[in-house]
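**Q** Read off the chains here:
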Amino acid sequence: MSTSNFTRRGVLKSGAIAGAGVALPTIFTASSAAAYMNEPTGSTVTFGFNVPQTGAYADEGADELRAYELAVEHLNGGGDAGMMNTFSSKALKGNGILGKKVEFVTGDTQTKSDAARASAKSMIEKDGAVMITGGSSSGVAIAVQGLCQEAGVIFMAGLTHSNDTTGKDKKANGFRHFFNGYMSAAALAPVLKNLYGTDRNAYHLTADYTWGWTQEESIAAATEAMGWNTVNKVRTPLASTDFSSYIAPVLNSGADVLVLNHYGGNMVNSLTNAVQFGLRDKVVNGKNFEIVVPLYSRLMAKGAGENVKGIHGSTNWHWSLTDEGSKAFVKSFGEKYGFPPSQAAHTVYCQTMLYADAAERAGTFNPCGIAEALEGFEFDGLGNGPTLYRADDHQCFKDVLVVRGKENPTSEFDLLEVVEVTPRGQVEYAPDHPMFAGGNLGTCNAG
Amino acid sequence: MLGLNKKDTLLFWIVAGMALLAPFLLNPFPEGSSLAQMFNAGYPDLMQRFVIFGILVIGFNILFGLTGYLSFGHAAFLGIGSYSAVWMFKLVGMNVIPAILLAMIVSGIFALLIGYVSLRRSGIYFSILTLAIAQMCYNMAYSVLGNPASNFNLTNGETGLQLSLDDARVLGESVTADGALPVTNFFGLAMRSSYQMDVGGWLFTFNVGYYLSAIIMLISFYVSIRIFRSPFGMMLRAVKSNQQRMNYTGLNTRPYILAAFVISGIYAGLAGGLLSSMDPLAGAERMHWTASGEIVIMAILGGVGTLIGPVLGAGFNEYFKNILSKINDQVLHDWLAFMPDGIENAMVGFLHYFVGKGWHLTLGIMFMLVIIFLPGGLVEGGQRIANKFGRKKNSDETKQTPAE
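Top to bottom, those sequences are chains A and B.
For the first sequence, the tail end lands on 447 under the working numbering, and the numbers increase by one without skipping.
For the second sequence, the tail end lands on 404 under the working numbering, and the numbers increase by one without skipping.
Don't read these hints as lab results, they were simulated from the structure.
Quick caveat, the model's predicted, so the values are computed rather than measured.
We treat Cβ as the ideally placed atom computed from N, Cα and C, and that holds for glycine.
It is possible that part of the hints are untrue.
What the hints assert, rightly or not - Simulated crosslink set (EDC-like; lysine to aspartate or glutamate; CA at most 20 Å straight-line): (1) A/K287 x A/E224; (2) A/K101 x A/E69; (3) A/K336 x B/D329; (4) A/K282 x A/D199; (5) B/K357 x A/E69; (6) A/K100 x A/E407; (7) A/K406 x A/E420; (8) A/K336 x A/E73; (9) A/K327 x A/E420; (10) A/K406 x A/D393; (11) A/K168 x B/D166; (12) A/K309 x A/E420; (13) B/K7 x B/E380; (14) B/K357 x A/D59; (15) A/K302 x A/E407; (16) A/K168 x B/D167; (17) A/K101 x B/D334; (18) A/K336 x B/D341; (19) A/K100 x A/E39; (20) B/K321 x A/D127; (21) A/K327 x A/D380; (22) A/K327 x A/E69; (23) B/K357 x A/D127; (24) A/K101 x A/E39; (25) B/K357 x B/D329; (26) A/K101 x B/E31; (27) A/K93 x A/E360; (28) A/K100 x B/E31; (29) A/K193 x A/E417; (30) A/K309 x A/E412.
Unchecked claim - Covered by chain A, according to a simulated footprint, are these stretches of chain B (three or more residues, beta-carbon under 8 Å): (31) 42-48; (32) 155-168; (33) 171-180; (34) 283-290; (35) 315-327.
Next comes chain A alone, as it looks inside the complex (with noise of 0.2 Å):
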């Protein structure tokens, strides 16, 4: 069977070939002249838009795509510019970004980490693109953020609501303008307070990584603090679609109030089977049993329907405001898509104008001058009001919205409505705080 045939030219032969092999890549160690990882060269610029286009939280990414598509619009001087007409800082001219036209490419998350990392890999690698954006998904947006710090490129985080995104994973290269579970609890636990008391028995269903995780930690120590009792927390993993086998051990554990640390896919199917059981028509321990949905948003009232009438949550930002940069923005949103930007949309839309702006103010596309730009940046016209980037941790600080389901909505739209703007006094905190610690930001990395 085996043929040994060493001879003395053939061995010199194949290991010559096999030298050169070897020898091919490690001669050329050199990396290019660029000044800093895929530096625009030419008349364009290339971000790069990473969202899930399939999974639990496909509909946030849809939306979120349409907003980045309308910010890449207004920038290159198309429509009618949204919200960069009420932005407070007046760099952007609608000529691109320091007169580079924007281009984008798109990729799919599918809502995990590995595979939202080898889009953006690819994005940075084969596309060229500067600046990765995106994520519906904390793990994910901490999964890409740290590519990015690795790559040298700039992550400007989508939604992502986890404490982790700036707090024991935040990196230099990341920014978020999104708030997080630590600002919902502070938002809403005194609203629950006015609304349910101080006597109750809460049981948490959490979706089963970070932000789940930080979420359920936030709103607890909330709670607690204001005399509530927490019964149990149960976890769930992110791909469930069917939550009875969860719902079920609810209605006999005592508890009165059911928080759902769910979104997207996952809140719709959850807060349906929690109604379906029965739980909001429940009277326990002599009180209604109530829901709460600490993160909410209009595309899962949307698709919950009838189920989240009356369910209080927390939000980024709802359509419904009436100052000026939101008014911009819905009227361009609606007159280009049909309908009103959901709170994803408003985020990537924010983020996306924050990044060109930071780029026209340090005059570069370096990711260490856009993270100086953007770093205790201080802005208003884009929605939340008064905004803060802090540079401790690169957390946008804003006011937050505490929702309600609305009873009687007057349009397939307007299903919610706010019943509290919590000042971003009342949900700011230390940078050190117990539930942000033990990350290190490190330095910016310009690849």
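For chain A, the structure is supplied; the task is to place chain B on it using the hints.
**A** This is chain B only, laid out in the frame that chain A set:
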């Protein structure tokens, strides 16, 4: 050469040529053209995936192609290898060699345990056992062992295990001088570094990580050829054709199959270790049963039981997965701009379902076409073309018998 017969030597050099010249072969279109935007695959991440999944499927083929035992849980070994490698980067240092070695050892041990249990059954029962065990591994990694709140956080759950600035790294530095994470390297040669060559309008990228993976792939390929041609390989084929008869002759076949299972588990661990070396994050998703299914699909797509089939199948699958999922409506509009508006919109509306998030559908259709018309996989396609146009050689010798 090196104990290979003439035909195998040729095959080896073909694969070696493809692997080493991949940066040229995969970038056929000049940089900046719209075709390059979509179809060029010569960027480091995808090239690395080609060879790494090639290794994975070569290993899977040793088990499935030779013994006919269909393991439906091979992704578990890939994941175990990945996690082991990342832990090595976290605790010991950023050199990839110890990480890859640990990945191979740990996945080998797991393969021995899992194989010992599941090889008590054969056929569909074996497949189900491996599937179940792999799903158990996945769930352990996803939630039980992955909760940062517990003291025993081995996998970091859904986010995936990644490096941080306060890792120990006893043989390296936790943080580089300028405050960044150190990068994975091969004795100082960073996996990430690459050389770009501008030739006319073309841009070719030579990446260190890719070449390391490619060389390891060639070694694995060589080992696989030797196993195929060895008496041990013969024994495995005998198990496939009639295990009962083998048993009746008084021969205990289990150790042979177990050995094949462990070898292919080590291959998968090696692939996992390499994946982590190229990008130091290990997510639980790569252990999911759909990932195992993908390995089976790659093997069948390429040609089960053939030597070069696994490499082709892995390349084919990864290429279409990465390329199709990036085509969006905007790109379609650009391509079809020459058509009248109404037809263009209708075409884009139709094609929309096959690209972007619809890449699963397209890949599924291609898989069905291959299975229906080329049951022996892409290798059979190549043979048919060769038979049609090539010289009439001694057909018995050139034909490798495809399995299933």
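**Q** All hints, please: hold or fail.
**A** Hint check:
| no. | hint | in the structure |
| --- | --- | --- |
| 1 | A/K287 x A/E224 | holds (18 Å) |
| 2 | A/K101 x A/E69 | holds (13 Å) |
| 3 | A/K336 x B/D329 | holds (16 Å) |
| 4 | A/K282 x A/D199 | holds (17 Å) |
| 5 | B/K357 x A/E69 | holds (17 Å) |
| 6 | A/K100 x A/E407 | violated (48 Å) |
| 7 | A/K406 x A/E420 | holds (14 Å) |
| 8 | A/K336 x A/E73 | holds (11 Å) |
| 9 | A/K327 x A/E420 | holds (19 Å) |
| 10 | A/K406 x A/D393 | violated (35 Å) |
| 11 | A/K168 x B/D166 | holds (11 Å) |
| 12 | A/K309 x A/E420 | holds (17 Å) |
| 13 | B/K7 x B/E380 | holds (17 Å) |
| 14 | B/K357 x A/D59 | holds (13 Å) |
| 15 | A/K302 x A/E407 | holds (13 Å) |
| 16 | A/K168 x B/D167 | holds (13 Å) |
| 17 | A/K101 x B/D334 | holds (17 Å) |
| 18 | A/K336 x B/D341 | holds (19 Å) |
| 19 | A/K100 x A/E39 | holds (12 Å) |
| 20 | B/K321 x A/D127 | holds (16 Å) |
| 21 | A/K327 x A/D380 | holds (14 Å) |
| 22 | A/K327 x A/E69 | holds (18 Å) |
| 23 | B/K357 x A/D127 | holds (19 Å) |
| 24 | A/K101 x A/E39 | holds (14 Å) |
| 25 | B/K357 x B/D329 | holds (11 Å) |
| 26 | A/K101 x B/E31 | holds (18 Å) |
| 27 | A/K93 x A/E360 | holds (9 Å) |
| 28 | A/K100 x B/E31 | holds (19 Å) |
| 29 | A/K193 x A/E417 | holds (19 Å) |
| 30 | A/K309 x A/E412 | holds (13 Å) |
| 31 | 42-48 | holds (count 4) |
| 32 | 155-168 | holds (count 9) |
| 33 | 171-180 | holds (count 4) |
| 34 | 283-290 | holds (count 3) |
| 35 | 315-327 | holds (count 3) |
In summary, the numbered hints that this structure violates are 6 and 10.
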